[in-house]
Every structure is written in C-alpha cells, then in structure tokens.
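Protein chains: 2
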Amino acid sequence: MKVFVIGAGGNVGCLAVEKLVAAGHQVMAGVHREAQVADFKQQGVAAEIFDLLGQPEEMAKQLEGYDAIVFSAGSGGKTGSDMTILVDLDGAVKSMQAAEIAGVKRYVMVSAIFAEDRTKWISIKPYYAAKFYADEWLRHRTALDYTILEPGALTFEPGTGQVTTKIPEEGGSISRTDVAAAIVASLQQDKTIGKVIPLIQGDTPVEQALQEI
Amino acid sequence: MKVFVIGAGGNVGCLAVEKLVAAGHQVMAGVHREAQVADFKQQGVAAEIFDLLGQPEEMAKQLEGYDAIVFSAGSGGKTGSDMTILVDLDGAVKSMQAAEIAGVKRYVMVSAIFAEDRTKWISIKPYYAAKFYADEWLRHRTALDYTILEPGALTFEPGTGQVTTKIPEEGGSISRTDVAAAIVASLQQDKTIGKVIPLIQGDTPVEQALQEI
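Chains as they are written, first to last, in full-length UniProt numbering: chain A, 1 to 213; chain B, 1 to 213.
Incorrect hints may have been included.
Because identical chains share one entry, a pair is satisfied inside a single copy or across any pair of copies.
Unchecked claim - The list that follows gives simulated cross-link-like pairs (lysine-lysine, DSSO-like), each with its CA atoms no further than 30 Å apart:
(1) Lys61 with Lys120
(2) Lys166 with Lys61
(3) Lys105 with Lys78
(4) Lys41 with Lys191
(5) Lys195 with Lys41
(6) Lys166 with Lys19
(7) Lys78 with Lys125
Treat the hints as calculated values from the structure; they're not laboratory data.
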C-alpha cells in the first residue's frame, strides 16, 4: 500500500513510518522541517515537507496517487494555542479536503482518548477541542474511509503489543510504539473503516483488539 | 420577541441590546462578569452570567423560553488563542447545542468577513479559524434558523445606518452601531434565515440591504 504519513517527524509518526516500512508498505514521510527530510532519506525512507499551513489544493498535489493517509501531526505543547487551532484542527481538516481532492479515500487519524466527550477534557482543553472538531469534520463532513484512533496518555515505554479498546472511566495510557502498531493494523483491516477506536495498554494483541471492534 | 444576547458585555453586544430594547423586544443580556450584570440592571435591562466554558445542558436551562439567540461573544485580542478556541469556537458551538436542547430555533451569529475563505485570513488567523468552524457547525450540523452576519473590520465610528452586502476584493469596514442595527433587522426579517450576510459600510439602509439578500 502507498501510504503518506503526515507528521512523520513526530514521536508517533516516525514509529508509524518505521512499522509501515517493515510491513512492506511504500511510505512517504510528510514532515515539517528540512532536517527531518534529510534524516528520513538517510534511513532510506522517502520524505518531503508537507505544509499544514498551506492550502488544500497545494496539499492535494502531494497526496495524489497514494492509497492511504495517516495523520499524526500535532503542533505540540511548546507552541501556543494559535498553532493548536491552525495545525491540529485546521491543518488536519485541510489535509482531509486535500485527500478528497486527490481522490485518496483511506484516512487514519491519530486523535486522543475522550476527545469526543467535553466533560472529560480535564487538561489541555484547547488541544482536545482541536481534536474534537477535526474528528467531527472527518466523520460528518467528508466521505473518506476513516479510522479514528483515540490513544490514551502517550508513554515512551517499549511496546507490549497488547492493548484494549475497553476503557475504564479514568482512561489509561499506551506506549507510542503500540499506537504505531495500531495505525499499521488499521490500514490492514477494512473492518476499522468508519470506526472511532479508543486504545490503552491491555492484554489483547493489537490486531485482535481491532478485529473485535 | 424574547431575545437572549450572548456576549452582551462586548462592544457589539451592548449596542445590540440597546437597539433590541429600543425596538420593543424583551432582552436578556448574557454576560461574562458580575460587574456587567450590575451595569445592565442599573439601566433596567435584565442580565445574567452566561458561562461559555460550561456545558450545553447547563446553558440550555438559561435559554429556555426565548424566541431567539444572538451570539456576539468573543474572547478578544487580550486573551490567548486558548480562549479563542474555547470561547469563539467551542463556546459558540455549545450555545448552538444548548439552543437546540432548549428548543430555541432562531440564532443570529456575529461572524467576520471572509471567515469562510481561508485564503483571506491575512491576520489573526486563529480567530478566523474559530469563526470558520463555528459557522460551519451552525450551517451544517444544526437545524437552527440561523443568520450569519459577517461584518468587515469593526470601527467605533457613529453608525450611518447605511451598509452594503456587495463586498469588494479588499473588504471594508463597518461601524459597530450598524452591525447592531443589522442584528435587529435580521431578527425582524425571516428572509435572512439560512443566509450568510457580509456587511460593510455602504449606501443602502440596513433593512433594505438585508431585504435584497
């Protein structure tokens, strides 16, 4: 499968690229900075700048010919909320519009646990709001074959390969490596199309957990 | 008409309250601070705190029994973009959801010129993005009888009562007083329902300009 990863320079994104390549997919790493392009190329992975502050029509030119898009970009905690709304929300929506212009149907969004439930936005509310509206657009304003992954608090722990989609009231955490595994598994299982899938560490192998959705 | 004005403490909002009262409507001024409640009450206008950071279900209790809602709230330039997304976007959307819960059909949104066209978001892009997504929700995700007013750059000039909805490429400006007049005129003309109406200073009386939409 030809996969374009938007936000490949991020912590989840680069793990997703690694796992997609390992699974035999043809991957383009869409990144924010030239240094990241160089890094990926040094590892033998195709990479290019993908500007989330640009317009959908420009983005679409870069997405043409791909089978799937993974969106794992995020402005991060170091920039202000101006970038949260312009990247995590509007950048995401523009990439969806670009996907539709380019005729790419499959779109995997890395969102956040409880993004759809305002009463659970305890911290970093602007981030959750951005995720909420981006996910809403994907579900209700596009005809894309989407999967929305909603990982819990992201950790740098090694992946266990074991997760659960049954989330207790208080949420939970998950290794970034296992989120990356879930991205790959989602692309390989059409059953995940049209689904919003919460994910935390658990005791079911990733592929099986996604099949039980 | 019983009208609830959200953001009545703002520059446009308080002018709208004044004009609505003068036109014989029964108005509730929804404001952000207790001091503003006292100010309105001193002028003989009913007022109460309306918390845009609350949940739709709570907001709905305050909106019950009204015929129309005017949304002219804005977090303003002094707060950060975190409040832009939480007030101008999510606060607005929650008030729409609250309107639907409360069974209030009529909703007049004060948006901004060119909000629907990203290529024209030259400055304060987070503000335009917030307006864009709030307007999109109103148009596509509610069954409200909406009017979206899109004034140009707001001035403190005295109103002329004369506007135009024919906007040149470079936009234009409009007195806050005339925006307030357009809010009142919109509520009084059902023809404005379901319309997005750009407004700048011009040479057509406000009511007539809205009739020609």
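Do the hints match the structure? See the list:
Proximity of Lys61 and Lys120 under a CA criterion of 30 Å is satisfied inter-copy only: 21 Å between copies versus 38 Å inside one chain copy. With identical chains, the CA atoms of Lys166 and Lys61 are never at most 30 Å apart, being 39 Å at best within one copy and 34 Å at best between copies. In this assembly of identical chains, Lys105 and Lys78 lie within 30 Å of each other by CA distance neither inside one copy nor across copies; the values are 32 Å within and 41 Å between. Taking the shortest Cα distances, Lys41 and Lys191 never come within 30 Å of each other, neither inside one copy (33 Å) nor across copies (58 Å).
Proximity of Lys195 to Lys41 under the C-alpha cut-off of 30 Å is found in neither arrangement, the shortest distances being 33 Å within a copy and 50 Å between copies. In this assembly of identical chains, the alpha carbons of Lys166 and Lys19 lie at most 30 Å apart only when taken from the same copy (24 Å versus 54 Å across copies). In the homo-oligomer, the alpha carbons of Lys78 and Lys125 lie at most 30 Å apart both inside one protomer (15 Å) and across protomers (19 Å), since each shortest distance falls under that limit.
Hint violations for this structure: numbers 2, 3, 4, 5, all remaining hints satisfied.
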